[in-house]
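Student: Residue-level listing of the chains:
2 protein chains.
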Amino acid sequence: MSTLSSLSNQELCTLKDRLLNKYHDFQAQGLNLNMSRGKPSAEQLDLSIPILTCIDSRETCLAEDGTDCRNYGSLDGLPEMKRLFAEIMEVQPANIVIGGNSSLTMMYDTIARAMQFGILGNTPWGKLEKVKFLCPVPGYDRHFSITEAFGIEMIPVQMLDDGPDMAVVRKYVENDPTVKGIWCVPKYSNPEGKTYSDTVVDAFASLKPAAADFRIFWDNAYCLHHLNEKHDELKNILEACTAQGHADMVFIFASTSKITFPGAGVAAMAASESNIADIKKRIFFQTIGPDKLNQLRHVRFFKNRAGMETHLVKHAAIIGPKFALVDEILTAELAGLGIAKWTKPNGGYFISFDAMEGCATRIVELCKEAGLCTTPAGSTFPYHHDPCDCNIRIAPTMPPLDELRSAIPLFTLCVKLASVEKLLAHAGA
Amino acid sequence: MSTLSSLSNQELCTLKDRLLNKYHDFQAQGLNLNMSRGKPSAEQLDLSIPILTCIDSRETCLAEDGTDCRNYGSLDGLPEMKRLFAEIMEVQPANIVIGGNSSLTMMYDTIARAMQFGILGNTPWGKLEKVKFLCPVPGYDRHFSITEAFGIEMIPVQMLDDGPDMAVVRKYVENDPTVKGIWCVPKYSNPEGKTYSDTVVDAFASLKPAAADFRIFWDNAYCLHHLNEKHDELKNILEACTAQGHADMVFIFASTSKITFPGAGVAAMAASESNIADIKKRIFFQTIGPDKLNQLRHVRFFKNRAGMETHLVKHAAIIGPKFALVDEILTAELAGLGIAKWTKPNGGYFISFDAMEGCATRIVELCKEAGLCTTPAGSTFPYHHDPCDCNIRIAPTMPPLDELRSAIPLFTLCVKLASVEKLLAHAGA
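So the protein sequences, as listed, match chains A and B. Under the numbering used here, the first residue of the first sequence is numbered 1, with each subsequent residue one higher. Under the numbering used here, the first residue of the second sequence is numbered 1, with each subsequent residue one higher.
It should be emphasised that the hints constitute simulated quantities derived from the structure, not laboratory data. Computed from a predicted structure; not experimentally measured. Careful: at least some of the hints might be erroneous.
The list treats identical chains as interchangeable, and a pair is accepted whether it falls inside one copy or across any two copies.
Straight-line Cα separation of at most 30 angstroms, DSS-like style, residue types lysine-lysine; simulated pairs [stated by the list, open to error]:
id, residue 1, residue 2
1, Lys368, Lys280
2, Lys130, Lys303
3, Lys281, Lys127
4, Lys281, Lys368
5, Lys130, Lys280
6, Lys422, Lys171
Generate coordinates for the entire structure from the input sequences, incorporating the hints supplied.
Tutor: Shown next as structure tokens:
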């Protein structure tokens, strides 16, 4: 197939007419499709229904140490819940603080505490003239929203194939004491589905930050979320940092949001013991403790990491084919045209799609006007500003396969249409 | 019975010996009793066991608007949960934001937001030289801990019979723009069990604060928590403030912590619509939304306020007799001695006990050494400093009646012993 840019103006015009006809056919269908957020499908949620009733009596509400989980107490989580998250996050239970229903809230609260109280005795960030965070791009919009809300300046750092561009990261972190953090989704990254290589993890661990309170925000949201038998492996960041004498440099986050129920799962963070002590000293004022009954539900349902992995194989059986279908249609419709590339991850919740420069906003707009809601263009960049206007996050997990069979061809049609418009405008200029 | 202060030194010494003998008998029993926190008893918690299993299938996870509560969404709570809390808090659903498992966390977060972002466009408190809160005393230690954590200066204001001394409150609030808030537990107050009179509520509503962002933190934790048929009535503060043109002046908090399960209940706050809009704009960054499945459990279990009231009558049947027993023993052992007074509330979770000046710390110490853990002396005052060292909070709900039958006589013995010691020391001086 010839690339679109090799076509003559005349050929482009003819193609545009044909694409527009197809587009109007789509519009006439009155579609209402949504691929905007990384939500599990109803079928995935059904897998966890038994968790709802596994705690059902006075006796089943007792923790292993005899704690009545129906009453107050347990500031940082039940021992058995810490043990389960320790297995998942590959740390010791003493490195864990259990949170409420959201790791995002734990990240927000971590930054809120750093702003107000400072980290491990350092000056509160709120008292400094300037605080900066590094933001590997494309990245997760809700991370960027948090730092933006606190007035923290965000510096984009390009994602390479095996993680952020560590030369750039090192330059900022080691020379600028106002750089206090970096957002990372190190495994099956949001949106690209990339996993940081051992070299990248080691490069993180060996950073010598200019700021004593620089922290890596390691959002390991998809640590167990494989899509097929090819499992990416991620080197243990806490061990790597500890080996370099920088145990305090990382905060790790995870949750069961996409394992059981988003909004009714359990979140946790992991860090060095001195960080954990610092955090517990502060959260004492904010809470009597997170929901212990929901912790018990999770522990009883999964028992251990192996139980959770078995459960996630069932998830993969549902969403794996969705990712495969999207890739199949994208390939059939767009391969060889020279107007797009996209990722083919082994896990996570997203496919990252790069259109021709300057086309993403137009593609999203065309999709919307034909009844397909996608993640807004720019969402994967700080301040919603994608300097190339090319990245679009595709979230294939929520719609049923049938809907994807309508949605992705519409999407590819919009990609082609926007590309042709772009090439014609360029030729006309 | 003659007052202890009318006894001669000789009589006091004889009494002290007798009391010490009894005290040593108690010590010999090796008791391990706890009256330190306002926790429901296991029997109360049993009442809510059915709530654990009322959501058990894909269908029962659907909210009335069709929302699948197993998935992400609903930043400020389900419509039916807002309606239930609107009934309880006597406001409109539009005045409600549903939180997680703790109203204390909502209070902390409200102050954290005020510090960081300011309220309704006012200067963030964190940017001001000085921020002060008024603290009616005796009051709730966890309130005081929050303001202390944020470095907010706390000014004690004496509780009178029908609420805080409003002349003092008015003087501070109307003249000092650094006074930004006041902590109130307006119904069945912690620890005194007093309910603010209509006059006090009206005095609050008619305040003309020097600070535009002064807020009344109205922690209506015990709004439905009657102990018998005598129900105190509390005038509606939001209506009163609205009538005075000060709708924005109050933040109201409540939860089901002591109705269903502490730590696994649902919390809410209520405020004017402009406050609510301001709050929602900020919490968007902190959370995707609170646990909707737990909201559904509560709505399905209680249906409406009447359902909750019926449930709380069962609670009262369990804890009412405990309060009665405590009062009975206190009266039998201490009435007429001139060394103590205590409250006899119609609701709430506490009895407030005032010993002779300078005796509270010693009483708590004596109790502890004989195996009875009470709330630490000073806890009911900002900075844990009770200038009279006389107030002790008694929390009778958690221990079974049998334990109270051991604990309260021991407590009264310690009261008598500390008082005799005090009188002898005074006489000797």
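Student: Have a look at Lys368 and Lys280 and pick one of within, between, both or neither, based on CA distance no larger than 30 angstroms.
Tutor: Cα proximity of Lys368 and Lys280: across copies only (27 angstroms, versus 46 angstroms in one copy).
Student: Checking an output row: Lys130 and Lys303, CA cutoff 30 angstroms. Within, between, both or neither?
Tutor: Intra 45 angstroms, inter 50 angstroms, cutoff 30 angstroms: neither.
Student: Under a CA distance limit of 30 angstroms, which applies to Lys422 and Lys171: within one copy, between copies, both, or neither?
Tutor: neither (37 angstroms within a copy, 68 angstroms between copies)
Student: Treating 30 angstroms as the Cα threshold, decide for Lys281 and Lys127: within, between, both or neither.
Tutor: both (20 angstroms within a copy, 24 angstroms between copies)
Student: As a check of your reading, is Lys281 near Lys368 (CA-CA no more than 30 angstroms) within one copy, between copies, both or neither?
Tutor: between (48 angstroms within a copy, 25 angstroms between copies)
Student: How would you classify Lys130 and Lys280 at a CA-CA limit of 30 angstroms: within, between, both, or neither?
Tutor: both (27 angstroms within a copy, 27 angstroms between copies)
Against the hints set out earlier in the document, violations occur for numbers 2, 6.
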